[in-house]
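Undergrad: Sequence:
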Amino acid sequence: MRRILPLTALLAAATLLAGCSSPYVMTTKSGNAIMTQGKPKLDEDTNTLKYEDSEGREGQIRAEEVNQIIQCGD
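Using mature numbering (1 follows the signal peptide of the UniProt record, and there is no 0), the letters of the sequence shown map in sequence onto residues -18 to -1, 1 to 56.
Calculated directly from the structure, the hints in this document are not laboratory data.
Wrong hints could be hidden among the right ones.
As the list claims (entries may be wrong) - In silico SDA-like links for lysine to any residue, alpha-carbon gap of 20 Å or less:
1. Lys23 with Gly38
2. Lys23 with Cys54
3. Lys32 with Ser12
4. Lys32 with Ile16
5. Lys21 with Val7
6. Lys11 with Gln50
7. Lys23 with Pro5
8. Lys11 with Asn49
9. Lys23 with Gln42
10. Lys11 with Val48
11. Lys32 with Thr18
12. Lys32 with Asn14
13. Lys32 with Gln42
14. Lys32 with Thr10
15. Lys11 with Gly38
16. Lys32 with Val48
17. Lys21 with Glu47
18. Lys11 with Thr28
19. Lys21 with Val48
20. Lys23 with Val48
21. Lys11 with Ile52
Note that this is a predicted model, so its numbers are computed, not measured.
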């Protein structure tokens, strides 16, 4: 049992660090976090941010739903 807790903590830390391998994180006003590959691009015609998520899927979100965009790594 003593080995499970440190192993779980190590696994959690590795997961968090792996999540930051994506360059940007968008946080929404509802509190969700969206990890993206590359900087999200604003489509001024539709006022949406277009992005590619950490799994390579394309997505978009209304700009007014986004609270902040943070660059996570180099």
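Undergrad: Confirm or reject each hint.
TA: Outcome of the hint check:
1. Under the criterion of a C-alpha separation no larger than 20 Å, the hint pairing Lys23 with Gly38 is consistent with the structure, at around 15 Å.
2. Of the supplied pair hints, the one linking Lys23 and Cys54 holds, its CA atoms being roughly 16 Å apart against a limit of 20 Å.
3. Of the supplied pair hints, the one linking Lys32 and Ser12 holds, its CA atoms being roughly 18 Å apart against a limit of 20 Å.
4. For the hint pairing Lys32 with Ile16, the CA-to-CA distance comes to about 12 Å; that is within 20 Å, so the pair holds.
5. Restraint check: the Cα-Cα separation between Lys21 and Val7 comes to about 9 Å, which is no more than 20 Å; the hinted pair holds.
6. Restraint check for Lys11 and Gln50: satisfied, since their Cα atoms lie roughly 9 Å apart, inside the 20 Å limit.
7. Between Lys23 and Pro5 the alpha-carbon distance is near 13 Å, which keeps this suggested pair within the 20 Å criterion.
8. A distance of roughly 5 Å separates the Cα atoms of Lys11 and Asn49; the hinted pair therefore holds under the 20 Å criterion.
9. Of the supplied pair hints, the one linking Lys23 and Gln42 holds, its CA atoms being roughly 9 Å apart against a limit of 20 Å.
10. The straight-line distance between the Cα atoms of Lys11 and Val48 is roughly 6 Å, inside the 20 Å bound, and the hint therefore holds.
11. For the suggested pair Lys32 and Thr18, the alpha carbons sit about 10 Å apart, so the restraint of at most 20 Å is met.
12. A hinted pair counts as satisfied when its Cα atoms are at most 20 Å apart, and Lys32 with Asn14 qualifies at roughly 16 Å.
13. Distance hint between Lys32 and Gln42 is fulfilled; the C-alpha atoms sit about 4 Å from each other, no more than 20 Å.
14. Our distance criterion of 20 Å between C-alpha atoms is met by Lys32 and Thr10, whose separation comes to about 14 Å.
15. Only pairs whose Cα atoms come within 20 Å are accepted, and Lys11 paired with Gly38 is rejected, the gap being roughly 23 Å.
16. With a CA separation close to 12 Å, the supplied pair Lys32 and Val48 stays within the 20 Å bound.
17. The suggested pairing of Lys21 with Glu47 holds, with an alpha-carbon distance near 17 Å, which does not exceed 20 Å.
18. Of the pairs offered as hints, the one joining Lys11 and Thr28 holds, with about 19 Å between alpha carbons and a cut-off of 20 Å not exceeded.
19. Distance restraint check for Lys21 and Val48: the Cα-Cα separation of roughly 14 Å lies within the 20 Å cut-off, and the hinted pair is therefore satisfied.
20. Annotation: proposed proximity of Lys23 to Val48 holds, straight-line Cα distance about 13 Å (limit 20 Å).
21. Restraint check for Lys11 and Ile52: the C-alpha separation of about 14 Å stays at or below 20 Å, so the hint holds.
Of the numbered hints listed earlier, the single one contradicted by the structure is hint 15.
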